[in-house]
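Input sequences plus hints: build the corresponding full structure.
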Amino acid sequence: MGQALVRAGRFLRPGRVSPDLRTLFQVGGRDGDVYYRERWSHDKVVRSTHGVNCTGSCSWKVYVKDGVITWEAQETDYPDVGSDRPQYEPRGCPRGAAFSWYTYSPTRVRHPYARGALVEMYREARDRLGDPVAAWAEITADPERRRRYQSARGRGGLVRVSWDEATEIIAAAHVHTIKTYGPDRVAGFSPIPAMSMASHAVGSRFVSLIGGVMLSFYDWYADLPVASPQVFGDQTDVPESADWWDATYLLVWGSNVPVTRTPDAHYMAEARYRGQKVVVMSPDYSDAAKFADEWVAPLPGTDGALGMAMGHVILREFFADRTTPFFTDYVKRFTDLPFLVRLRPHAGGYVPGKFLTAADLGEEGGSAPFKTVLMDARTGEPVIPGGTLGFRYSAEGEGRWNLDLGGVDPLLTMRGPGAGTAEVLLPRFDEPAGRGGVLRRGVPVREVGGELVTTVFDILLAQYGVARPGLPGDWPKGYGDAAVPYTPAWQETVTGVPAAVAERVAREFAANAEESGGRSMIILGAGVNQWFHGDTMYRSFLALLLLTGCQGRNGGGWAHYVGQEKCRPLTGWTLLAGALDWSRPARQMTGTPYWYLHTGQWRYDTAPADLLGSPLGEGEFAGRTAADLIAQSARLGWMPSYPTFDRNPLDLADEAAAAGREAVPYVVDQVRSGRLRFACEDPDAPANWPRVLTLWRSNLLGSSAKGDEYFLRHLLGAGDSVGGGEAPPGRRPRDVRWRDEAPRGKLDLLLSLDFRMTSSTLFSDVVLPAATWYEKYDLSSTDMHPFVHAFNPAIDPPWQTRSDFDAFHAIARAFSDLAARHLGTRTDLVAAPLLHDTADELATPYGRVHDWRATGETPEPGRDFPRLTEVERDYGAIADRLAALGPLAEEKGAATKGVTYRLKDEVARLREAVGAVREGAAAGRPSLARDTHLCEAILAFSGSTNGRLARQGFTTLSKRTGTDLGGLAEERLITFADARDRPQAVITSPEWSGSEHAGRRYSPFTLNVERGKPWHTLTGRQHFYLDHDWMQEAGESLPVYRPPLDMRAMFDEAGDEEGGPGKGVSVRYLTPHSKWSIHSEYQDNLLMLSLSRGGPTIWMSPADAERAGIADNDWIEAVNRNGVVVARAIVSHRMPEGTVYMYHAQERVVDVPVSENSGRRGGIHNSLTRLLVKPTHLIGGYAQQCFAFNYLGPTGSQRDEITTIRRRSQEVRY
Amino acid sequence: MRVMTQLAMVMNLDKCIGCHTCSVTCKQVWTNRAGTEYVWFNNVETRPGQGYPRRYEDQDRWKGGWETDRRGRLRLRAGGRFKKLATIFANPLMPNIRDYYEPWTYDYDTLFTAPEQEHTPVARPRSLISGRPMKVEWSANWDDDLAGDPSPDPVLQSVSEQVKLEFEKTFMFFLPRICEHCLNPSCVASCPSGALYKRSEDGIVLVDQDRCRGWRMCVTGCPYKKVYFNHRTGKAEKCTFCFPRVEVGIPTICAETCVGRLRYIGPVLYDADRVAGAAAVPDERDLVEAQKSVLLDPEDPAVQEAARESGVRDDWLEACRRSPVHKLIFEYGVALPLHPEYRTMPMVWYIPPLSPVVDALGRTGHDGEDAGNLFGAIDALRIPVDYLAGLFTAGDPAPVREVLRKLAAMRSHMREVNLGRVPDPAVSASVGMTPPLIESMYRLLAIAEYGDRY
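Taken in sequence, the protein lines are chains A and B.
Heads up: the first sequence runs through residues 6 to 1219, numbered per the working numbering.
Heads up: the second sequence runs through residues 150 to 603, numbered per the working numbering.
Subject to a maximum C-alpha distance of 25 Å in a straight line, what follows is the list of computed SDA-like cross-link-like pairs (lysine to any residue):
#, chain 1, residue 1, chain 2, residue 2
1, A, Lys49, B, Gly398
2, A, Lys70, B, Val397
3, B, Lys318, B, Pro548
4, B, Lys284, A, Ser1214
5, B, Lys284, B, Asn245
6, A, Lys70, B, Gly184
7, B, Lys284, A, Ala1116
8, B, Lys318, A, Arg509
9, B, Lys232, B, Gln358
10, A, Lys49, B, Glu396
11, B, Lys284, A, Trp1120
12, A, Lys49, B, Val397
13, B, Lys284, A, Arg1218
14, A, Lys964, A, Val413
15, B, Lys313, A, Val506
16, A, Lys70, B, Arg381
Simulated from the structure, these hints should not be mistaken for laboratory data.
On a predicted model such as this, the values are computed, not experimentally measured, just so you know.
And the structure:
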């Protein structure tokens, strides 16, 4: 019958049934497919991108039908990158593809909201007092009312308010805080400008104009590889992904490229077809391991040991046993290996001391201690080569700051006729607790200027344990000697990686570099960088690249991919985001110490600062804690510190004036005499609290807040699940004041701007509804590709949403109206740290720490004290200034990495392009009143997008180097219209270290290697050796292996749980990045949730699961001293035993039950982590170890943590 | 010879990063609407793994596709149309919603509306079917990245003696799937209403939405479970090969948005008269070759002549000659069909994944870079060849091994070129290729220009 139906049917419609009735053919034009045709039809396609914190910077097509955004798909029209390599299309990922879900989703913030309890009190007080500022002052000064709304944070009760009322409350809070406590009690947090430069810049500009503090993110996120400033003197500069294609050997180390660099991963897949070998180092069988020719699984956090052992093999086989000319030539010219280091006597031997400098050889002058010395192989005499820091700023250095050695052939080793030997003592930390031991190894030495010296190379061989005939000391007996660092057999005992594998991979890596001319590459990522000692791991990896001549090559070198987003139009963004066109300097703060102090985490840190020091140290850190070192770093001007003093900086200026004195000496006097203290020396004093915090383009409390529960407890005064106790007497700071009662609820106002509900909005006092990325103009760039391109609005912001640009202008207008009456014009005294890429780098000769507090001397701002600058702030004019370009742009230009760009002509051109402001406090100035104007200005004032500036920058730089750097930059201007039209390839500029000239793929430091431009370091070369006092104190002058922190031992905790009936298991707790989110973004997106397991999960091995009686998808709880997480288990055999993963930024918004452990809502991934500050990251004022925003600062590492996992009741309650 | 044209696709699994962008863009364009919440025309499976719907490959259970009867004739495995009609109201051979997954959403509203309360507001999951709160227990991609226990994977079970699911021996790869737009579609044959049809101009298999009566026999008939039931409209829906896009010269959404750049689309010519015969060859292991034999060489003058007679336009013929799909199947011989043993003549082809390979060798102490060793290593691959054979060749390891050897040879050859050495022609010869041929395959697989992929 069925057959009959079909047979009948064939006569009824225009199809053709196959003779055996198997199948049915029809010709086009049927009506039954109309549905799908209509579904596909749309009205327009608009180019935009996603301003989420990722490195994709992908260009997307946004489809619109009937005024409604329907879906998105990738653009495929990137500029050509050459016919011999894959193109960038179609960049994108599933997260980006799911973005439009947010536009009309039920989690979309459609209106302004505020905390009901606060609004009620505010309205009452405002009506009664008739003044918003007075109302705010009264509520926040009353402990009871303050407590009332602070304790309600995060517990629902948000109510709708109007934009006018919201901005009025915000303005009143700002005005009151500035007046009462000081502008540096106001802070803003918004990360990664590259992902939407104008949206970032407008808020940062507002915060900077009022004298508020912008908080760093790169170091705070532990994405900053501190090894980069240490080794390269650069924040981070990495190859674009199309350059992976050029590598012939690729190590992927602690990076999960398909997941975290999804749009770029194809280059890895494709380069294999060109014969590239891929080795993946990952503790789990990751998505990247799927592409590996070889998967190497070191135990988590031990990667540094593998790196050191590989270095051992390379030094042995390519330097000691034979000479490899390609390598030797490279290290002589481009690294500090040939430079001379003085040896200092120490307990029956020597320790490596300071670099020998021109001053040691008798040269006079302030720059002499910064001219390091090497020995000429031809003459055996010491020479002072150009290119070192001593030539960078000095008059005599003009034209000599370059790497040209002339006829000098640097001697790499002191061995040879006339050399003696000495035994040096070197620290080792390979015991589980990380405590130091001492190695005794010989080096060849000579005497120069009465000093016993050797080369960095000689010390390096000693450090790596590579013996050479005739040298005394204890050396490994061979690769198989497992007892002594750093042999392959030794690393096997640490990492679990077979010695033969370490040996072979090292050999292959170096042999490939030798044959290919340096085309061995290491992609390295958060899996290694985000450990407490991530910097030492990185230095051991970078050593592999430097030794094999791979850095500064296409297809070679490091490729650090962790939150490294590159804001390519750097100069313009810096100028405008810092409002440096109106006033200088801006207040910019390192995030980690800020949060460490202001969230009270320092109160729980019982580890003494010298716990992790070198056994060969001088006891510099003894008796102190990390908080003490933060205070020292602040008072010496190394790191910034805001709030700076325990008094309002506006009042300080007034006081000085009242005393008839200049402000700067007045303040120095006050501090020296102890009448004025640094705020960080008493962070819990109410006068020193941060009071107003604005979050935009960020979700601090659902994502990056390491020690999330401490944030809730101390910063916000909300409920929390902190489990551990505070430091007992005897374990507390020495110099930082301890108050018995810890403050709860420091912030008066937490403001967030977002388009979706997050952990941050739920805890905020005011939430402003933001436009999404498909609803505004902006700019995007990344270092993964060489293009800048635009956001364009596909629709207008719906409901009551506004772009960040419009929101901050509204806030600024409301602020100015109130401020004109309440604040007027004031003088602000801004303290700023010693800055990188300025002559401040010369502040600390030899890196010898000199603390005026200890000696009782008078500090000198700019030398051993922050620089102090008086800044006039016309608070009534803030809104007008926000909307116009200030005069300092043409008067002072803009500086990036030590090169000043003259902007006069560009300002004139911008004025023609965007017009001038007609009235108000900024009348006549070029307009920045619209987002498109701001975008235009960012492009116009940057060398990467304005070839005229790039050329001028190279000309300026050439004067200093004395070499010809011309001809690299094209004289081309990228306008905002260009960027809107299509991604635009950027222009080679001294803002970056590589050349893109003539369509070349970007690789960092090619300018240094090919044009002899020095690195921005002490020697002007890439550094193996760091001689600052604190580096020596830490035992990290050279690459060294440091194990993961032993948290149990550090914090005196009970032993591990080892499973059994009703018991949990203690495991390493790691938070790598997820396939289903970009940080917290998308983890609440229904599409991503549907493709994953629909809520927070923790991955664990079958063995661990079995021990704790856990089955796949069971509800579990993870508990440690920092907090509690409730999640479901994913049991998988791709996980190593003893380690669990809770993928990053699963927050408390979606499917998180109440914990049976704490009785409170389960926490976010960072509820189990905490901040610990590494002392060496606080170093400042010395050569490349100098502060710059997001360039150097303590990292908020989070990988060393452990937790106990238990199966919980499967009945969950929300 | 009756020449017809078919739009076909090749996916290079060796390049798939498992990102699921294809799934999301497809869903956003086609199925993010009421009635199709659980429907993913395109999905990506982690293998080993159960797939979506779970264990769809277990044809002993689901009886999808074709089998041959005692007389060697093709018949639907679930029975002919008569049996279909008999079971039309109670079909045991159809996955239920739990085999796909119960779609859900969250109470996002509470994030705004929660009054001041004890705990932080949270959006808890709620079923889109029943509207009730639920615990999420299964999804379209539950076992992503080897989450949970992959041992119920039917393909894995077929090779289970050799495969241990241990940390050190972990392997995985991704299998993106769309409708196969088969030459011999069992869904079309299963439909009692004649609502499913194969477009004669390009072979795309569609459901006529006006004619579909919602009997769902197509769901049973399709062994790939790529026809879905829209429970709102009561009609079957399936991947349309994005016909509104391909008709105007734009690739399918899944292909154009594929971040791994691993999808190729092109037309092929086939002899419609030989489909049934080829699908009925007695030995399952002959099906790959049988399926290839149905496809015609567009360079063959006789084929061209017959094509014109059959009404194939010249521009289509030209497209068939340039088709990357044809090249990958025939010229380079690296693409294989998915589960040929279902006898539907699927038209989405796959290049099996190669890596990791050197790994296996390293453990034996050999130099993994050496081309000779590379071939030897294929059998020691992390991914068992037998597992791949279970997917692509009805269990015959030989064709899989041949493809993997070609890929390995290409890498070896190109490394020599890349490092400026002179490649040894013996390497390409050992896989039956010449250096120019291997280099043109390299261009298509590695450079993979947009214009060459589609």
